[in-house]
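Put chain B on the given structure of chain A with help from the hints.
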Amino acid sequence: MDERKVISLTLRYGVIISSILIVSGMLIFVVLYSNSSVNIYAYNTSNINDIFNLNNPLNISLYGLIVLISLPVLIVGEQVITYSMERDKIYILISLVVLLLLIFAIIIMPRLLH
Amino acid sequence: MLVELFLVLLFLSAIVAGLLGSLTGLGGGVVLTPILVLFLGVPVPYAVGTSLISTISTSASSGSRYLNAGIANMRIAISLEIATTTGAITGSFLEFLVEKYKLFTVLDIIFGIVLIFSTIPNFIRMASEVPAYVNPDGLSKLMKLHGEYYDEALKQKISYHGVRYHVGLAGMYIAGLVSGLLGIGSGALKVLAMDLAMNLPFKVSTATSSFMIGVTAATSAGVYWALGLIDPIIVAATVPGVFLGSSLGARYLNRFLSRRLRQIFTLVLVALGIQLILRGLGIFG
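Respectively, the protein sequence lines represent chains A and B.
Per numbering that gives the first Met the number 0, the first sequence starts with residue 0, numbered consecutively.
Per numbering that gives the first Met the number 0, the second sequence starts with residue 0, numbered consecutively.
One chain only, chain B, in its complex shape:
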């Protein structure tokens, strides 16, 4: 394929990836990795390196807007990042064990199935726009996990208080671990932990996840850099695309009904689950 054509296709796929990534809080990798591998013939390790970098770009451009709009919660983000970074570092150190015992296949399949099943609570919550207020426990109160934002779809101010901070932390540790081990974006587990365990409004969960994934991705970026898996040419075509897509997505997030965002999120999660199972079975990647 002509280099120029290849770059244009990369750029276009990156726009879509950034758009979906910023709306769902999943980052750009979920959409980008399969496009790179299946349609553009990029080797898997480079695809993962690229998706890592594009995740930082998605996170920076959408996180900036979400923070400004008051939808992403800085305290919730940093108080959970302590668990994601620890998890990601543990994951990177455990990776050699996984490689030694050839556990990639098993982990991919298990995680794929977990992701697909994790969408079930979404169907139950599909009808609700804002979670019912639950009295916060002592720890969540101490950590000041509360905030408010103006919901443009509902045209009202929403106040919320996170609960079960310790469960959230555990979920975030696993999210970090998985991203360090499998090299996939950990946005899915982040959104699930905030949505299911901490009872945060869905928009706050996806926006805060968008803000956080950059930090988790940066944790692994050093290792990928040292391995030489970040290709400057591929990245150069994807970073601006992701930037455009995620700026666009972040601008419109607040106008969507949460239920619509949840539907998009569920679809992308099922696709990611199938993708991981296929990778585990050796059908692609």
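In isolation and in its complexed conformation, chain A is listed as follows:
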């Protein structure tokens, strides 16, 4: 299969899966708490320990967010594979560096800055 197609499909299905997760988490939350006055800023992503607690439906939304944020990483990874198959040395190097920079920025940098 054409590698452009693979990347295009990754993006398409990735964004659909993440939207479904994000929206269902939010809908369950709104249904459960619709009568109480909700402070929508109360829940946030900085308390990472809570993320496995399934009692909070918003965690389902967070899983969707993780899928969404990992999409760019995934497609850069797919490009590394594509250029490896084409044996295009310059582009193997470039896509590898971008992949490493991305992983550094998403996982390591937040720890360095706080």
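It is worth saying that the hints were derived from the structure and are not from the lab.
A virtual CB, placed ideally from N, CA and C, is assigned to each residue, including glycine.
Careful: at least some of the hints might be erroneous.
Examples of chain A residues toward chain B, derived with CB under 10 Å [as the list claims (entries may be wrong)]:
# : residue
1 : 17
2 : 24
3 : 89
4 : 107
Some chain A residues flagged as far from chain B (calculated, every beta-carbon gap over 10 Å) [to be verified]:
#  : residue
5  : 7
6  : 31
7  : 60
8  : 64
9  : 78
10 : 80
11 : 86
12 : 90
Below, chain B alone, put in the same frame as chain A:
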């Protein structure tokens, strides 16, 4: 405001944001941030976090289509992403300096003015549909920055070759830097670098920018996540809206004349410039 009503309004604004974002290559944030802040009363940091996430969503849904249609160029994208990601990381590290010396005001105003002036070349190029072919320099040739696509508005195949890769890289580094520093989408500078410096057809510039902005936004997403500035409820209402809007925009991009897209792009850029100047002056945000 009722939570349900608030969510519906968010969803509707996100559709508009996705539509404009995918057509101009600017991402959803440009339109979304002011709507969130001015009309829906969302605090600025959360608005920026939301626009970051919606940029990834715009980029994924429109990038998918542009890639399939052959308008976005994968090699041009990744060869420039090396500069945007480095720029965004530098920006995040420099941010504390900006905060320490309270430079936000100055940077916002300077950048706003730069954006408004950067639309001037657009008026000169407004008449041309496809840039005249320029013989590529050695580096751009080595990087294989060429491609072709079928233009549905002109009903012909357009071949192009990017030039001045090094100038493009410099522009992309600044684009990344600005997005890391000011938390605004870097689509504007990306399109300008590809359009003005690299002499790419306008549709290729906006489509490739759409494809790239997801990567730049993801670079900053980790930091915003750790700061707790990504609100799952607000994001849940905007992500599907942006997805719908940008899928729609991406479907019709190729049918527009480049000149029409350039007009939309110029308008949005001027609005963004004014918005930044106002933010710098403390009038909004």
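Verification of the hints:
1. With a least beta-carbon distance of about 7 Å to chain B, the hint placing residue 17 of chain A at the interface is held under the 10 Å criterion.
2. At a threshold of 10 Å, the smallest CB-CB gap from residue 24 of chain A to chain B is about 7 Å, leaving the interface hint in force.
3. This hint holds: residue 89 of chain A has a C-beta 7 Å from the nearest C-beta of chain B, less than the 10 Å allowed.
4. The interface hint given for residue 107 of chain A holds, since its Cβ lies 8 Å from the closest Cβ of chain B, which is under the 10 Å cut-off.
5. With a cut of 10 Å on Cβ distances, residue 7 of chain A falls inside the contact zone with chain B, its closest approach being about 4 Å.
6. Non-interface call for residue 31 of chain A relative to chain B: holds, since the shortest CB-CB distance, roughly 12 Å, exceeds 10 Å.
7. Not every CB of chain B is more than 10 Å from the CB of residue 60 of chain A (nearest about 4 Å), against its label as outside the interface.
8. With a closest Cβ-Cβ approach of about 7 Å to chain B, residue 64 of chain A is found to fall inside the 10 Å limit, against its non-interface label.
9. Residue 78 of chain A, annotated as away from the interface, has a beta carbon of chain B within 10 Å; the closest lies near 6 Å.
10. Once the 10 Å rule is applied to beta carbons, residue 80 of chain A is consistent with being away from chain B; the minimum gap is 13 Å.
11. Even its closest Cβ contact with chain B, about 13 Å, leaves residue 86 of chain A beyond 10 Å, as expected for a residue assigned away from the interface.
12. For residue 90 of chain A, the requirement that its beta carbon stay farther than 10 Å from each beta carbon of chain B is not met, with the minimum near 7 Å.
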